[in-house]
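With these hints in hand, go ahead and build the complete structure from the sequences.
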Amino acid sequence: MKKYTEDLDFQGEEYISDWPSWSPQDIRRKKCALESARLMVDAAMTAPCAGGVPSIEAHIVYGQEELEAVARKVEEIAHTQESWKEPFLYEAVMVRDSDVIIFLGNTRCHETPLDAGCGLCGGTLDCGYFYEQKTQKYGLVDITDRSSKRMIDGPLCTARVGDLGYAVGSALWTAATLMVDARPFASMGMAGQKMGYCPKSGMVVGVPLAAKAKNPYVDVNVDYHLINMDKVLDNTRKIYQTARIIRGFDYRKWIPKPKKPDEEDV
Amino acid sequence: MGHLIGKEYCLDHLVDVAKSIVLAIHKAPQITGKTKIEAEIIWGEDLEPIIEVMGPVGKVMRYVQWDYETIKKCYEKGESPVIINIGAKVSKSNLNWNCGACGHDTCKEFNAYSKDYKGGGQMGGPSCNWKILDWTMACDWACASAWQHRVDNRIMGSLGFAMRALGFLPDMDVNIGLALGPPRDMVYYNREEMHKSMSYEMDKQDIVNCVPTMFTAFPGGGTPMYKTKDYWWAPPEFMGIGYSEEAMELYQQVLFEEVPEIVAKHADKIEARYKNKKK
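Chains as they are written, first to last, in the numbering used here: chain A, 1 to 266; chain B, 1 to 279.
These are computed hints drawn from the structure, not numbers from a lab.
Careful: at least some of the hints might be erroneous.
Cut-off 25 angstroms, straight-line C-alpha distance, at most; resulting in silico cross-link-like pairs (BS3-like, lysine-lysine) [stated by the list, open to error]:
{"#": "1", "chain 1": "B", "residue 1": "K229", "chain 2": "B", "residue 2": "K118"}
{"#": "2", "chain 1": "B", "residue 1": "K108", "chain 2": "A", "residue 2": "K134"}
{"#": "3", "chain 1": "B", "residue 1": "K118", "chain 2": "A", "residue 2": "K214"}
{"#": "4", "chain 1": "B", "residue 1": "K92", "chain 2": "B", "residue 2": "K108"}
Okay, the calculated beta carbon distance ranges per label pair [as the list claims (entries may be wrong)]:
{"#": "5", "chain 1": "B", "residue 1": "T106", "chain 2": "A", "residue 2": "G12", "range": "54 to 60 angstroms"}
{"#": "6", "chain 1": "B", "residue 1": "G78", "chain 2": "A", "residue 2": "E132", "range": "45 to 51 angstroms"}
{"#": "7", "chain 1": "B", "residue 1": "E245", "chain 2": "A", "residue 2": "M179", "range": "27 to 33 angstroms"}
{"#": "8", "chain 1": "A", "residue 1": "V220", "chain 2": "B", "residue 2": "N94", "range": "19 to 25 angstroms"}
{"#": "9", "chain 1": "A", "residue 1": "E132", "chain 2": "B", "residue 2": "P224", "range": "30 to 36 angstroms"}
{"#": "10", "chain 1": "A", "residue 1": "L34", "chain 2": "B", "residue 2": "K108", "range": "37 to 43 angstroms"}
{"#": "11", "chain 1": "A", "residue 1": "I27", "chain 2": "B", "residue 2": "P224", "range": "18 to 24 angstroms"}
{"#": "12", "chain 1": "A", "residue 1": "G117", "chain 2": "B", "residue 2": "Y200", "range": "27 to 33 angstroms"}
Calculated from the model, a selection of chain A residues having no Cβ within reach of chain B, i.e. all distances over 12 angstroms [claimed, not checked]:
{"#": "13", "residue": "G63"}
{"#": "14", "residue": "E68"}
{"#": "15", "residue": "S187"}
{"#": "16", "residue": "A243"}
Where is the CB? At the ideal position from N, CA and C, for every residue including glycine.
As structure tokens, then:
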């Protein structure tokens, strides 16, 4: 009976708009994007994989503080390497402009490889390239020492990494089908992994998505980390206030009007 | 005015569907934006060398045997699958990301290693893992595109191995094959083509070999019996672990004798195709 009562209560209205940011109407819009993200994860989980072996895990992350933390991690990583610096700083801006981020990781690529001797990792006829560089006993890899001087603790089973690619591909295909903007990023994947998202994975890819008028992941300008919508808006706040106070009038008594054209000018 | 009936025109149309799928392959998003991907479409008589290579490999790899029998029987029935070969350049990094995923500290070190070992694996390798992600995303878009066209399909490493051995897409470092059609449900899953090609005993023995835990009796003694027959306790059966000369010999014979022999028969013709395209 309770269910019947709830069904009778099926009424309401939802106002949705992308402006102002983080307003109730914008958060409702973000919730729509969150639904898309969940469907994208569905697709990732059922993507083709070698031997039908489950190896994909996902984290869906949203919210102002959560996305800001990811953006700052991407910025931190950007400054660790010259080749990452500019693109990753641009991509940190994209994090802040996203509605949701999906992290997709492969839980087996560093610990339980395919063991098929495919050679994709090291170009050899067996899995020796992988195992020789791992702490292992009879093919069981000890991953308890999680410290690494490298950003990613390779080598990885490349066949498993391939499975991750299929999962990311399926998530993106679904985004495209739903007409939601999404792109895959290494920077966000590495940041997410360092933050503990997809905790069992050896490699992680970040897939941010957004349902906005302008796709946040394409058509950027130079120095995007310095010149972007957030900065433009903040600069407007900076400039416009001062422009108001350099002169003034009491609008209740007098408002300046455009000069009337002289008759000669007509 | 016109009238179409039967399946023949569907088989012809598969090639057009494959062309649409290749568009999806090239449209697939990339992480690096720097991975070169190529695809080609193969069907009809041009499948014969591929099927021929898969035959002996099937003797040492069960999953290859099933792919081989399915494709061969469809082809022989006049229902040629259409194969899309998807390749990528992944053995050299132009990223300079030095992320360590490949097992080297820098991309420069990886490239030096790769120069010596390039193409040494059955499926290719060594690989930059970010480029592998780009490639497999494209492969996934191929599969997704095929499903959206409602064409039965399966992405197959077995096809990739055969096409790579034969020299298809010679400029690429890795290959994989997407088999499409014929127009029926479940060609590559459930596999009607293989009905009656395996016995109950063979199927059961595969499971015993692959999942021995299912058949292990009380392990407390340290040398458990294996329950492989109804009266498993009399006389008892045990499993052993050891080097199999027979298995390894067959494996080596297939990989280093039978496959190269077939490849030698077809290599010139296949190589000429790419040379002619370049002209």
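Now the hints, each set against the structure:
no., hint, in the structure
1, B/K229 x B/K118, "47 angstroms, violated"
2, B/K108 x A/K134, "21 angstroms, holds"
3, B/K118 x A/K214, "43 angstroms, violated"
4, B/K92 x B/K108, "9 angstroms, holds"
5, B/T106 x A/G12: 54 to 60 angstroms, "57 angstroms, holds"
6, B/G78 x A/E132: 45 to 51 angstroms, "49 angstroms, holds"
7, B/E245 x A/M179: 27 to 33 angstroms, "59 angstroms, violated"
8, A/V220 x B/N94: 19 to 25 angstroms, "21 angstroms, holds"
9, A/E132 x B/P224: 30 to 36 angstroms, "32 angstroms, holds"
10, A/L34 x B/K108: 37 to 43 angstroms, "42 angstroms, holds"
11, A/I27 x B/P224: 18 to 24 angstroms, "59 angstroms, violated"
12, A/G117 x B/Y200: 27 to 33 angstroms, "30 angstroms, holds"
13, G63, "25 angstroms, holds"
14, E68, "23 angstroms, holds"
15, S187, "9 angstroms, violated"
16, A243, "41 angstroms, holds"
The earlier numbered hints that this structure contradicts are 1, 3, 7, 11, 15.
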